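Student: Each chain, written out:
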Amino acid sequence: MRAPTSPARAPERLTRWLVTLPPTLFLVVFFLVPAVIMAAASFRQPGEFGGLAPLAQGGLGLEAYRFVFEDVIYAWILAKSFAVAGLTTALCLLLAYPLALLIARSPRRRRNLLVLLVILPFASNLLIRVYAWIIILGPLNLLYSPVAVIAGMVYVHLPFMILPLYTNLEKHDPALLEAAQDLGAGTWTRFRRVTLPLSLPGILSGSALVFIPVLGMFAIPELLGGTGDLLIGNLIKEQFLDNRDWPLGATLSLLLTVAVLAVAAITAGFARRRKEAP
Amino acid sequence: MALLEIRNVTKRFGSLEAVKEVSIAIEAGEFFTLLGPSGCGKTTILRMIAGFDAPDEGELFLDGRPLSGIPPEKRPVHTVFQSYALFPHLTVAGNIAFPLEMAGKSRDEIRRRVNETLALVHLEDKGGAYPDELSGGQKQRVALARGLVNRPRLLLLDEPLGALDAKLRERMQVELIALQREVGVTFVFVTHAQQEALALSHRIAVMKEGRVEQLDVPEVLYSSPRNRFVANFIGTINLIDVEVREASRQGLRLAAAGLGEIAAPPQAGATAGARGTLALRPEHIRLSPPSEKPELKNHFAGTIREYLYLGDVTVYKVALDNEVLLEALATNGAPGRARFHEIGDRVNVAWRHDAGAYLAS
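So the protein sequences, as listed, match chains A and B.
Residue 1 is where the first sequence starts when you use the numbering used here, and the numbers rise one by one after that.
Residue 279 is where the second sequence starts when you use the numbering used here, and the numbers rise one by one after that.
Please note: incorrect hints may appear among the correct ones.
Label-pair restraints from in silico Cβ distances [said to hold, decoys possible]:
#: 1; chain 1: A; residue 1: Pro197; chain 2: B; residue 2: Arg285; range: 34 to 44 Å
#: 2; chain 1: A; residue 1: Leu196; chain 2: B; residue 2: Gly462; range: 46 to 56 Å
#: 3; chain 1: A; residue 1: Pro11; chain 2: B; residue 2: Val591; range: 47 to 57 Å
#: 4; chain 1: B; residue 1: Arg449; chain 2: A; residue 2: Pro11; range: 42 to 52 Å
#: 5; chain 1: A; residue 1: Pro197; chain 2: B; residue 2: Ser361; range: 17 to 27 Å
#: 6; chain 1: A; residue 1: Phe26; chain 2: B; residue 2: Ser384; range: 56 to 66 Å
Don't read these hints as lab results, they were simulated from the structure.
Bear in mind that the values here come from a model prediction, so they are computed numbers and not experimental data.
Glycine is no exception: its CB is placed at the ideal position from the N, C-alpha and C atoms.
So here's chain A without its partners, still in its complex pose (with noise of 0.2 Å):
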């Protein structure tokens, strides 16, 4: 009966092919072709008007990595960008967390009016949300700065930790509460030994919907921050656009995934770690 080759399956096997074979194609076309085509350019020559040098007369080789590793420039901007991206994560965290447990212990009919208002935001461009932010930081003599991109970077960053973490703390059980409460547990020791805890998991993926994308941001830090204030995300967009230097744009934005991908690896395994101690 749970053999998966019974012929009774089989019209679900089918049906499990055809719904997910839309998203996979989407996928192969859309991420993997490009994911292997900027890995390719990344050993290439760059072209004389930019672009990719033709094949025959290049020829591949190693130079962007050389190029980007030979200058410690690079690590340093790859360095200054974790930490952009981390001081981002712990500041949503610290502003979402609050605002996140409230809307969840709210009565049920508000609830859903104050998720609205988390997301109301998007509802306007983004470019529109960050020129507002010129305009704001601009008489506080803040603009053009580290501060101006963190401000930034947390504003519209906020609602991804915000609504993970919400959708966890909505979930929790009132009774485990009244139990901790019950056995001599004081408001904070509720706090710290039942809800953070098992708000865990919201927080690991609200981190990484905040850490992913503002490490690869280039946006906010082009129109809030100084000329100082280059990140990973405006190196990769100026090696294209500006310097046309395709091969070290793939290289650098090569070097980013695997980065991210690092950084997703450890959080997976942290996750599981905790969650299999005995």
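For this one, chain A is given, so just place chain B on it according to the hints.
Tutor: Showing chain B alone in chain A's frame:
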């Protein structure tokens, strides 16, 4: 002095009076049960003892000291919740250790007492398991262990057996009695299952619409219910409309329309001429073939209308000649002979002169 005294407590939720002027005194070491249908206020009383709700009027005293103003976390009272409310992120041992950690016990003491308590509830090998890896009965035991481990003055149990299947329920009832006897903690148990209440409790308060209808030991509640509600709620009972002919210290002489005279045990407050109800348990009624001469004082002729064979017993519905329908219970004591009477059989219906209880209402 009572361990817990509930004095004239009233609790309102909006316009609804959930608990009305309830006074109960619970003694140390007692297994006390609040029994009643859902919405009778029993859980509200439990929540007031735990501290989650505050009475609008009246006061609760623990060891003679008023409880008002003391938050739940400061009361030496623990609760076993209906849903168990085990912490899913902690192991069984972690759950049981929780109240000890809150009380600031040393690491060594916590380890020792967690192990002792695991043994007490027969879960020695489950300390490292997470709640979602346990069966319903095991979760139940962990919840009990967690409530008992720090030896509260009172353990409150809110329908803790409600989620278990019938067989397991019976086994847990036996374990619960043994456990309470062993640890000596006072239990306040809330249930709507009358059989469970009879089986477990030292004393039972039967509740209805926020009031205590009767508070007594199980056998008195069962044999001498004070009114129709208690009589109906606990067990099955036959109710016969009667008029009191004569009341004396020896007993009552009652008259039922179309039946004649019935002898019943004495009842304080019953006076000649009063109208009321005779409550009679099915197991007190004896059926016999008309050929046998009835030996009991109360005997009437009837006809078998229906029967329900339950294995150990058979329940007969028998109509008396005045069309009053009674339920009679016969134990199937002889092997191979499950039923003694068939539908339509004429039978003698008899009960002792000291069986039943006269209810004024």
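Student: Each hint needs a verdict: does it hold in this structure or not?
Tutor: Structure-based check of all given hints:
1. A:Pro197 to B:Arg285: 34 to 44 Å: Because 41 Å falls inside the window, the suggested range holds.
2. A:Leu196 to B:Gly462: 46 to 56 Å: Hint violated: Cβ distance 36 Å, outside 46 to 56 Å.
3. A:Pro11 to B:Val591: 47 to 57 Å: Taking Cβ atoms as reference, Pro11 (chain A) and Val591 (chain B) lie about 53 Å apart, which means the hint holds.
4. B:Arg449 to A:Pro11: 42 to 52 Å: holds, 46 Å
5. A:Pro197 to B:Ser361: 17 to 27 Å: holds, 19 Å
6. A:Phe26 to B:Ser384: 56 to 66 Å: Given range 56 to 66 Å: holds, Cβ gap about 60 Å.
Of the numbered hints listed earlier, the single one contradicted by the structure is hint 2.
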